[in-house]
Amino acid sequence: MEKLFNFQDFKYAIRDLIRSYKKISTIIFTLFISLFVLSVILSLEYSLKKELNANAKVLLGGDFEINTRNEKVDDQYLKKIEKFGTISSTVEFSTMLTNSTKSDAKTFFIRLKAIDQKYPLYGSVQSFPDNALTLLQTTKNSIVVNRKIFETLKIKVNDTVYIKQTPFRVVGYVESVPDLGRALLFGDFAVVSTNSFLNLNINTLGSFINYEYRVKLNNENINFKQELENLTKNYPSYSVRYPENSSNNLKKLIDNFSQFLSLVSISAMLIAGIGIANTLISFINQKNISIAIMKSLGFTTSTIKKIFYFEIFTLLTIISLLAYLFAILSVPIVNAYLVKTLGITVQSEFILKNFIKVFLSGFLVVSIFCLPTISAIQQIKPTSLFRNVFQPCEFYFTKKNISLIILAIISLILLFAFDSKKPFYTVMYFLVFFIICLTLYGLSKLIIFYLRKINFIKFLPLRLAVKNITNPKTIFPITVLSLGLGVTLLLSLTLIGYNFKKEVQKSIPEIAPDYFFVSIQNLEKDEFVKYLKSNDKNAVIETMPIVSASLIKINKKDPLTYIKQNNDSFWVLERDRRISWSKTAPKDNPIIEGSWFDENNKSFQISLDAKVAKDLNIKINDSLTLKIYGREIEGKVINLRKVDYRDLSINFVMLINPSFAQNIPHEYIATAKFKNLPDFKEGVFLQKFKNISTIKVSNYLGKVTEIINKIFIAVIIISSIAVIIGLMVISSAVIVQARLSVYQNLIFKILGINSKNLMLASIIEFLITFLSIIFIAAFFSVFVSYFVIETIFRLSWSLEIINSSVVLLFIGIITIILILINNYKFLSPKAYPLVRNE
Amino acid sequence: MKSLLELQDIYLNYKTENSLVEVIKGVNLKINSGENVAVVGKSGSGKTSLIMLIAGLEKATSGKIIFEDQDISAYSEDELADLRKKKIGIVFQSFYLIPNYTALENVSLVLEINKIENTQKKSAELLEQFGLKDRLNHFPSQLSGGEQQRVAIARSIILSPKLILADEPSGNLDSENSKLIINLLFKYSKQNNSSLILVTHDQSIAKECDKIIEIKDGKII
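Just so you know, the sequences run in chain order H and U. Going by the working numbering, the residue at position 672 of the first sequence is 719; the numbering climbs one at a time, nothing skipped. Going by the working numbering, the residue at position 209 of the second sequence is 720; the numbering climbs one at a time, nothing skipped.
Everything labelled a hint here was simulated from the structure, so no lab data went into it. Careful: at least some of the hints might be erroneous.
[Claimed, not checked] List of simulated lysine-lysine pairs, BS3-like, C-alpha gap at most 30 Å:
{"no.": "1", "chain 1": "H", "residue 1": "K58", "chain 2": "U", "residue 2": "K632"}
{"no.": "2", "chain 1": "H", "residue 1": "K428", "chain 2": "U", "residue 2": "K730"}
{"no.": "3", "chain 1": "U", "residue 1": "K727", "chain 2": "H", "residue 2": "K428"}
{"no.": "4", "chain 1": "U", "residue 1": "K526", "chain 2": "H", "residue 2": "K492"}
{"no.": "5", "chain 1": "U", "residue 1": "K673", "chain 2": "H", "residue 2": "K352"}
{"no.": "6", "chain 1": "H", "residue 1": "K404", "chain 2": "U", "residue 2": "K727"}
{"no.": "7", "chain 1": "H", "residue 1": "K428", "chain 2": "U", "residue 2": "K541"}
{"no.": "8", "chain 1": "U", "residue 1": "K526", "chain 2": "U", "residue 2": "K644"}
{"no.": "9", "chain 1": "H", "residue 1": "K195", "chain 2": "H", "residue 2": "K446"}
{"no.": "10", "chain 1": "U", "residue 1": "K730", "chain 2": "H", "residue 2": "K165"}
{"no.": "11", "chain 1": "H", "residue 1": "K299", "chain 2": "U", "residue 2": "K730"}
{"no.": "12", "chain 1": "U", "residue 1": "K553", "chain 2": "H", "residue 2": "K352"}
{"no.": "13", "chain 1": "H", "residue 1": "K165", "chain 2": "H", "residue 2": "K69"}
{"no.": "14", "chain 1": "H", "residue 1": "K468", "chain 2": "U", "residue 2": "K633"}
{"no.": "15", "chain 1": "H", "residue 1": "K352", "chain 2": "U", "residue 2": "K633"}
{"no.": "16", "chain 1": "U", "residue 1": "K570", "chain 2": "H", "residue 2": "K352"}
{"no.": "17", "chain 1": "H", "residue 1": "K201", "chain 2": "H", "residue 2": "K211"}
{"no.": "18", "chain 1": "U", "residue 1": "K513", "chain 2": "U", "residue 2": "K633"}
{"no.": "19", "chain 1": "H", "residue 1": "K580", "chain 2": "H", "residue 2": "K728"}
{"no.": "20", "chain 1": "H", "residue 1": "K428", "chain 2": "H", "residue 2": "K572"}
{"no.": "21", "chain 1": "H", "residue 1": "K58", "chain 2": "U", "residue 2": "K596"}
{"no.": "22", "chain 1": "U", "residue 1": "K730", "chain 2": "H", "residue 2": "K447"}
{"no.": "23", "chain 1": "H", "residue 1": "K743", "chain 2": "H", "residue 2": "K720"}
{"no.": "24", "chain 1": "H", "residue 1": "K352", "chain 2": "U", "residue 2": "K541"}
[Unchecked claim] Some chain U residues flagged as far from chain H (calculated, every beta-carbon gap over 12 Å):
{"no.": "25", "residue": "T572"}
{"no.": "26", "residue": "E616"}
{"no.": "27", "residue": "I624"}
{"no.": "28", "residue": "N629"}
{"no.": "29", "residue": "R666"}
{"no.": "30", "residue": "F697"}
{"no.": "31", "residue": "Q714"}
For glycine and all other residues, C-beta sits at the position ideal for the given N, C-alpha and C.
For reference, chain U alone in the conformation it holds in the complex (with noise of 0.2 Å):
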């Protein structure tokens, strides 16, 4: 298996008025293509911080991060915004549509960025698979929860990302909806050989991924 992600020994720290804070501590990670891996741990543990670092939304105090056997870790922030743009999708535990764009707009704005053509029909067409053909022009506030997730996942994996960056993605909804999620993004990572990274405080989504992780204190374990 290709390798596609690798951090080497990554350190996180914020510095507040006092004193400094280490968030990640020396982190080793690696994950192949179309890899799926969970990442669990308590509250505080840095798992978010660890998502972040690797969307590129957080710069690393030292340390590594090679994306395609590109390091990525000296990128400018226009380099990174390029990068998510293009290879990675996030989907949040709170959805994070866009308010004022409907379903439609909200999956087409990630084909739009990237110039390619019949945004429209393709959106459509990936929201029809996530059986939200009558959902299309429905802003998000006139969606239900597990809607506005599956319109968040769309908007994640329309463009093939190599990576797919999931925080908590079911963590606001119910059980039978989250099921729904979960297997919405295990299926389309799967097919199109994306990697999957799924934060999670679910022991029976980890155990579904190809890997777990378990971060504590800032430290894999």
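Okay, chain H solo, but in the shape it has when bound (with noise of 0.2 Å):
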């Protein structure tokens, strides 16, 4: 029995590989790109997660952090928490931060951040100057901006600005605080001393105030979190967070993320693969013959296709150590990126379990097309030497390969499935790839059925295209299934890049308001209508109470004890929500299950979000219970509503009963959309209403549009890797092709039919396969691109006709050109060296 591993396969292996790399570039090419991706992915995640795990204690502030929501900590707890260690507190609150008091002042809505001495527990805040901290503890009503709002307001050191139309005294600069605060990725922010905070009229509702308290233990090794928790039950209002926790939603951004761009680079490997089969199968192709000398030599049929293994594993261990490598590389230049949007540094680093991945996945997918290519090596025969006709090798499937690539396929899709956080997407996401190129191979069975039917072409080019489509060797259906997926993917990528662009160049929705203002007292409301009014008096202003509650129990249960954090709505549940009420239902905002409020009915109704409903499990007639004000009440679902937040609306989680809720207090708030919006002067109205903060609509979609702007680029860059590699497979299907015509051509050369007729069948030929595969590409394309828009990104989709077309009409240029340039330098092959078998 033969030895699985010989030493002198391995060597002829080798220098086959040397010798021959160039008639491979192709696969080399494909390979590298697709896993460097893949390991930049992989690479990525893992440092930005490490970083955010081993900066945890950093990035919560502490060792764990109590949160008290909108009211200060009770005094007895306080005492109780003390002997844990140190306690720093912070205060933080939204509000408007001007530059003057007069008329034309320039506003900033900030999240402002008051903290102790003790403040930051862990690392440490960069600032200009370097002492600005300490100058803020010692300076009486002194301020540090971020350095936005310090450059955009062209501050200097010792300049004044205001908030709540109280002075404060610019002593620097921030560039990072340590904590990642609520404001995170958004907010432009400002820091004031504990002090300065209480000259400061805070109310506590609309300001979105919270108060936190951040331990760090005397010692360390303390098993303190029973102790903590037992004091913590007391005080049902406050919530314990601990340094895993500190970066949730970042992780989860990750999360979502890392997916989708896993998914692309594992489709760019598996169409990647393609190319793979197609060039191997070529490869195998030119070497017919010294492959049948060697069988004439008394080598094996196993023996010559360990070698042919040997080569492309060998190139595959290869290539996965320095794509791998090279991705590590890349880190840095990330990190740089990274630094300046969520202030943390992430580390080059080697890291065995996503080497294997990387090499795995390379391994898996070559395997999957290399099977059926290396096993067409058993038709090459010896005797072919002696006749001097050689037959091209096609993809041979036997039993043992059938077995082998489904169990390369399962592995394949459990290895991405068994790591990812959505493990059905990915699975999900593998049988659409399987169900395309089904669908794509039957499609061609079809028309090569149809075709057979067909009995005289009086026109000769398309007799000849219709003879090579539908000839019992012909490589059709792998030019279906390659052309057919690469124009699948572009599409995709295209309809997907083009949905992205909307979102970051979308126009403010004609219905937006130009306005949010929050914090408007119940006293001043009419009086701020009658002011919006005086300003434009064809403004639109819509006003809606809001009260502060948390949904502490659902049917009775606490749902922190069941709901996990990586619920798509666990953030419903993670402090308290703003909620209104109305006598009828918000026209935006269709009830899809139950009925409005009964006007008469004084018990405590609820009306819900219906995808919050969904995700939390909660129906009609189920019980809620909110905390407002310190009293929990039980309410009843009675309807479920559709909300979409990105309608820029005010819009509400959850609505009460007006009835029940009337006379619980409250605080209003606001949207306006102004006819002439200039007329409404900010500096102004904050003079009259120092309470009230503004939100123009347009700032805050501008943070968002840089953000998605941000996103697009990093997936326009990944994706155009894909598109490269399906430009690549589309090529190396028509090399093939190109290459299998070659006696072909010289025997239609001696028979006197000119290259124009050649030339002109091989574009119909082209054609035949162009137009068929247009309307599946299309179809799927449409589906995927809808799945990644509004599944994973949870943006808009819509059709893009005019786009979409010019790729197609763009990938068939680019097809037929290289068809043309493949043929016609196979089309005139010189008889001699054919003849001489050269």
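Build the complex: two chains, separate frames, hints provided.
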């Protein structure tokens, strides 16, 4: 029995690889690119999460954090916590910052952080000057702003800014703070000392105030959690966070992004696999004679196959290693961007687990596509040496091969699904991919079937084209598969890119308001509305009452005991939400189940966001317990609404019935859309309504756009790599076809068929292929792009015909050019070398 | 003289879509060790098919092939490959050297697959004897037709096989090279006591062999 590994065979493999690598350059290139992309994704994901975990205490700001929401901590409780370690308290709230008290003042909606002298317990603040934080504590009514405010307002140190008309002296600016505040990626922020904070008259509600107490343990080894949990049990509105929870949202974002990009890279790899199969079969056909000679000399088929496998897997090992190493080296490039955006740095690191995943992915993909290709060696007979006739090999499937291929496919799916946060999506994705492959393959067989039924075609080039497609050894199915997948990939990415760009360039919807106003007191509401109308009598103003509430029980059970953190609607449970009430159902929140509030019914009724209901498994008539102003109130869900938070109007997760709510102390939130925007002066407004914060919608969208833009660029870069691979695969299919036509073309030439007819036949053959796959490719690309945009990125999808048609036309033209170039090369073969079999 | 090869009532048929083609019809043949045999016949007579049968590259439809007292008709593909590896050398009309192996590598390949040591040294010595000292590291595309065929012959005889099969070895060469090649074949087959079966159209070459077999319509006449 032959040994599995024979050093001599390995030697032949290396020798052949060194001398023939140019012929398989497509394999090398596509494999490298797709493994590189996967390596980058894995390396970045790992490094980011490691950094977040390693710096969890810094990101949290302590060994644990107690959030007492909008009330100061109870003194008794605080005394008991003090024994654990050092406590640093911060208060955060939203407010307006202006550069003057004049009517033309520039305003910023900011998150203001009031810190004590112990802040930060972990990490450090990057500021200018370095001692800005010290100055904050020692200088009365001083403030440190973030760099953007500092530059936009063109402030210098010792200039004055105003918060709620109270002057603050600017003692510096902040580049980054170590703990991830609530306004992380988004907000402009400023920092004051706790003493300065007391000078401000803060409302607890609309300012979204949040008290946080962070603790640095005296002794890291003490087992404090149980005692802390017991203590906090008596204060149900308090929540405790540990370092491992400090950046859940960010981790979720990383997971989603990584999921999408991993799927893009595996698409690229699978499509590259088709290219590999095409190139490899072409390579084997070129080595037809060598293989026949080896067989005549006494090499067994299995030995020759082993040599080819050694070649491919040696190549794979080298390429995987190189791709992974290059990916690690690219981490510092991305690091520069991450430091600026997130304030965290990531390190390059060789992680064996990630490398194994990259290598295994490559191994499985290559196995899937190499098994039927290398098995084709079986078809090469040494008797051909005597006959001087070499039939081109085709993919060769045996029972053993098919079983191994199925095993490899399953292993590949498991490899990606196992590590994925959404394994269902991953499995579905692979399923769709294989459905597309089967559909395209079936289509090719159908076309061959119907073309064979055509009896006689007068037009010679068409006859040659049909003959090529229908002959028993045709590679038409492979060409359809390669071209079909390539076109589907490119079209999908076009539609995804278009929808992303659309989001980025989105003009503010016509119905969207110009401003949001928060912290409108009950008593000043009417005056507020009157004032806005006096500025612009055509202004459309909407006001809604708001009150703070937390959802503490669902059907009398604490949801935090059974709802997982990765639940899409977990955010509803995390902290206080603002709820409201209304006599009529909001026009833009259609009721999809149940009915609106009964005015006569004074019991507590709740209207809930339908998606949240679905995620938290809440149904009509279920009971929800809300905590409002410290009181627990149980109510019944009586309807579910469809809420689209993207429409920029006032939207609430929960609405309650006005007949119950009317006596609850509350504030107002409002939106305003002006006919004549310039008439509204923010500075003047702020002078009159010191406590009301204004958020200009266009500024807010600008920030969102900025972030989406960055994501868009990253997606386009990764996707363009998949596009390149798609084009290369198409090209490899064309080259295979052209090479196989060499001998045929020689005979045609000898028989007197001119080049023009042969070129025309190639073009007609391509057109038959291309036109047949367009509709299938279009259908699947619409489906895939819709899924990616709506489900993964949660943006709105629309069909774009012009760009898609342009892309199709572009692919068609490029492919025809490739065909013409390749066929021209092989169209006029030199007869003598072919006769001499060179 | 000891019998090396015996064909007993060999038939070879090919099935096509519509019919059965009888290529070899009841051939009986005996070849002794060290014997040179010329196989002549018109194109399509079955000469090449006969060679392929003997080389184990085709399986007879019926009949027996005895090689060194072993019935090889029932051998598996791997056993036949093993036989070719150790005991049979083949020379083709079109040379058929491996294009991306040098002359030296093409010859030493045979020694390597038989796990012989000093492959490079032995191959180089033989090629030098063939007048190819300066061509050891040339690829086939860098050799003339005559040089290529000399390399092919060196490859076929380096292991001193029991049997050399040559299918029109001078068919693609000019007369001068032709003579050179045939002389080499005769010389080394005699030297190694190898039997030589030579398919040829050239009557003058056929006459130099110990025996001439003429095939017509798949039969020896």
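Quick rundown of the hints versus the structure:
no., hint, verdict
1, K58/H <-> K632/U, "holds, 18 Å"
2, K428/H <-> K730/U, "holds, 25 Å"
3, K727/U <-> K428/H, "holds, 26 Å"
4, K526/U <-> K492/H, "holds, 27 Å"
5, K673/U <-> K352/H, "holds, 28 Å"
6, K404/H <-> K727/U, "violated, 64 Å"
7, K428/H <-> K541/U, "holds, 27 Å"
8, K526/U <-> K644/U, "violated, 48 Å"
9, K195/H <-> K446/H, "violated, 66 Å"
10, K730/U <-> K165/H, "violated, 108 Å"
11, K299/H <-> K730/U, "violated, 81 Å"
12, K553/U <-> K352/H, "violated, 38 Å"
13, K165/H <-> K69/H, "violated, 65 Å"
14, K468/H <-> K633/U, "violated, 63 Å"
15, K352/H <-> K633/U, "holds, 28 Å"
16, K570/U <-> K352/H, "holds, 23 Å"
17, K201/H <-> K211/H, "holds, 20 Å"
18, K513/U <-> K633/U, "holds, 29 Å"
19, K580/H <-> K728/H, "holds, 13 Å"
20, K428/H <-> K572/H, "violated, 92 Å"
21, K58/H <-> K596/U, "holds, 19 Å"
22, K730/U <-> K447/H, "violated, 42 Å"
23, K743/H <-> K720/H, "holds, 11 Å"
24, K352/H <-> K541/U, "violated, 36 Å"
25, T572, "holds, 15 Å"
26, E616, "violated, 8 Å"
27, I624, "violated, 6 Å"
28, N629, "holds, 15 Å"
29, R666, "violated, 8 Å"
30, F697, "holds, 22 Å"
31, Q714, "holds, 22 Å"
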